[in-house]
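The hints should help you fit chain B onto chain A, whose structure is shown.
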Amino acid sequence: MGKINKITLKEAAGLIKDGDMLSFSGFTIWRRPMALIYELVRQGKKDLHLFEVNGGTHTEVLAGAGCVKIWESCWVGHELYGKLGESVARGQVEGSILVEDYSHAQCVARLLAGAYGLPFFPTALSMGTDILNPKYDMLGKAGLRDGSNPKIPLKKYDTIADPMYDMGNILLMPAANANWALIYAQQIGDEGTVRVLAQTYVDVEAIKAADKVIVIAEEIVPDSYLRDDPAMNIAPGYAIDYVVEQPYGAHPTGSQFCYDCDADFIRMFYAASKSADGYKKFADEWIFGVDGFDGYLEKLGANRLLKLKANSVMGYSTTMKRGTR
Amino acid sequence: MDYTRQEMMAIATGREFSDGELAIFGVGLSMLAGFWAQKNHAPNLIAFTEGGVFGSTPVGGLPWGIEDNRISANATSFTNAIDALGCLVASGRVDNAVIGAAQIDKFGNVNTTGIWSGETPWSAGRYVLPKVRLNGSGGANEISVGAKKYVIMVTHEKKRFADKVDYISSPGYLNGGNDREKHNFVGGGPAAIVTTLGILRPDPVTKEFILDSYFPFSSIEEIKENTGWDLKISPDVKVVPEPTELELANLREIDVTGSLRKK
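Chains as they are written, first to last, in our numbering: chain A, 86 to 410; chain B, 56 to 318.
For the record, the hints were derived by calculation from the structure and aren't laboratory data. The reader is advised that the hints may include incorrect statements.
[To be verified] In silico lysine-lysine, DSS-like type, Cα no more than 27 Å apart, as pairs:
| hint | chain 1 | residue 1 | chain 2 | residue 2 |
| --- | --- | --- | --- | --- |
| 1 | B | K186 | A | K154 |
| 2 | A | K168 | B | K213 |
| 3 | A | K220 | B | K219 |
| 4 | B | K317 | A | K168 |
| 5 | A | K226 | B | K219 |
| 6 | B | K186 | A | K359 |
| 7 | B | K213 | A | K359 |
| 8 | B | K186 | A | K168 |
| 9 | B | K237 | A | K220 |
| 10 | A | K168 | B | K214 |
| 11 | A | K226 | B | K186 |
| 12 | A | K240 | B | K237 |
| 13 | B | K186 | A | K220 |
| 14 | A | K406 | B | K317 |
| 15 | B | K214 | A | K220 |
| 16 | A | K366 | B | K186 |
| 17 | A | K359 | B | K317 |
| 18 | A | K366 | A | K168 |
| 19 | B | K186 | A | K365 |
| 20 | B | K186 | A | K131 |
| 21 | B | K317 | A | K392 |
| 22 | B | K94 | A | K406 |
| 23 | B | K204 | A | K168 |
| 24 | A | K359 | B | K214 |
| 25 | B | K219 | A | K168 |
Chain A with its partners taken away, still in its complex shape (with noise of 0.2 Å):
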């Protein structure tokens, strides 16, 4: 195996054209690629096509700087933190963001298509509402679905008459291949084997989706340590094309086994994602106005950073104070 081909967050988020589509690690506001979501943001892309299962911090980060154009999936929010995803909704309601909705396994079903090589993946989830609503199919309907945009399915979804069992309808989902899939992980080899610790989600489907992948790592170990526990990696080396190193590469999201969510900031950001206002303020305070990721880890201080920190064996922190406990 090749050695990892090592790059900093500048140069990552510079190979990111604008118009490219999207897909992340992750599953709402835990292991999102954050330090890269910021370096997007304060090179000003463009049109950004997101792809996800579900969305979360990451997507309402991008989503409020503007750099959003296309956002598939079937949920955001930031869990108990921020019940909805203001800056997509006002994008949508505004119409500066199409939004074209799906079901949780619809999506799967999307990205599975994608990691397969296959031009549609079947499911029988998910009929009967108007997610299948033909008035409701956005990018058909905003004229996107004419094959000028390879990454655009000619249809939403189709259907056909189940030829094996004769189990009546089953829907044909189209294949979601990223240009790119951004990806946190705990542990990348220095050959580029992946290590997410703990729940995997969708990770591994999205790497295998996209065309290209860049890994944000917390560390890079040696890849002889990752291989004496082949059954706890995600993915090989010759899948990965760019690597990142970066200590809390994740923050405000959470890390299993490094740090919890930071419930605090995820909460401030909501509040402040409310209006156009209230996320501009917020992204010249901790976006535009430090001096990078780092300036933005020496904002954050070491004590809060330490307050997260997650017990190395229980996988969360057992310091911090949560409600009333």
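Chain B only, in chain A's frame:
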């Protein structure tokens, strides 16, 4: 007895779960209700999340989300999002579940996508944007289609209880009766709507939700006032039993951070 409305709602929801069931829970109130049931009367309830944590009982307080290590630390195994919804739910293996709703109608159809206030989404070739954008369907859609039965938890407000939802994100009984059959759904549909005021259950034939019972602090009048359709009342309508001391003590052991105790 001193308990909050949220605690009554969680306990009423948890009472819908039986020992030995395979169940899927979401974040927050749903998870508290489910894990309370496990602690209180259903020790062999097997819980999993749409993110793929299987067989867990949370440690270290209420998890921050369905992916927190406070839930994965004690799991029997990890599956993944494909298996959780794609295999376990879609194939009809799941016995029971909880979903939420921003808007709900008399047939238990749930909208968590957007509020259009009655306008057609497209008119004159132009997209009419929603008045309010919501989260999206999340995994609730798969649960509504695939779980053998499930509970819908929702705050009882007139604006949420609409005669017809603006958008069906998660299907209940669609237009009522046997309407689910035309889509070959493997799951049986919603068994109950547990609200902040009481419990609604579907009429066995029409599948219209009617008032089954109400909480001790509520009344039939209050519930009718807060429902956007002409709510029918069960001839056997009753008062939901208050939480017992043991039920409440068990809930507070699960809800260590006191999230349900805010008045």
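- [ ] Verify the proposed pairing of A/K406 with B/K317, using a straight-line Cα cut of 27 Å.
- [x] holds, 17 Å
- [ ] Given the hint that B/K186 pairs with A/K365, test it: the Cα-Cα distance must not exceed 27 Å.
- [x] holds, 23 Å
Task: Straight-line alpha-carbon gap B/K186 to A/K131, limit 27 Å - done: With Cα atoms ~25 Å apart, B/K186 and A/K131 stay inside 27 Å; holds.
Open item on the list: Would the hint linking A/K168 and B/K214 be met if the CA-CA limit is 27 Å?
Closed with: This hinted pair holds, its Cα atoms lying about 18 Å apart.
Task: Hint consistency between A/K220 and B/K219 [alpha-carbon to alpha-carbon, up to 27 Å] - done: holds, 17 Å
Open item on the list: Hinted pair, alpha-carbon criterion (27 Å max): B/K219, A/K168. Please report holds or violated.
Closed with: With a Cα-Cα distance of about 24 Å, the restraint between B/K219 and A/K168 holds, given a limit of 27 Å.
TODO: Measure nothing beyond the straight line between the CA atoms of B/K237 and A/K220; if it is 27 Å or shorter, mark the hint as holding.
DONE: Given that 27 Å is the threshold and the Cα spacing comes to 21 Å, the pair holds.
Task: Pair hint outcome, B/K213 versus A/K359 [Cα-Cα no greater than 27 Å] - done: Judged against 27 Å, a Cα distance of about 25 Å means the pair holds.
Task: Given hint A/K168 paired with B/K204 - CA-CA distance at most 27 Å - done: holds, 26 Å
Open item on the list: With the threshold set at 27 Å, check whether the alpha-carbon distance from A/K366 to B/K186 stays at or below it.
Closed with: holds, 25 Å
- [ ] Starting from A/K226, check that the Cα of B/K186 is at most 27 Å away, please.
- [x] Holds, at about 19 Å.
Open item on the list: Tell me if the straight-line CA distance from B/K186 to A/K359 falls inside 27 Å.
Closed with: holds, 15 Å
Violated hints: none; the structure is consistent with every hint.
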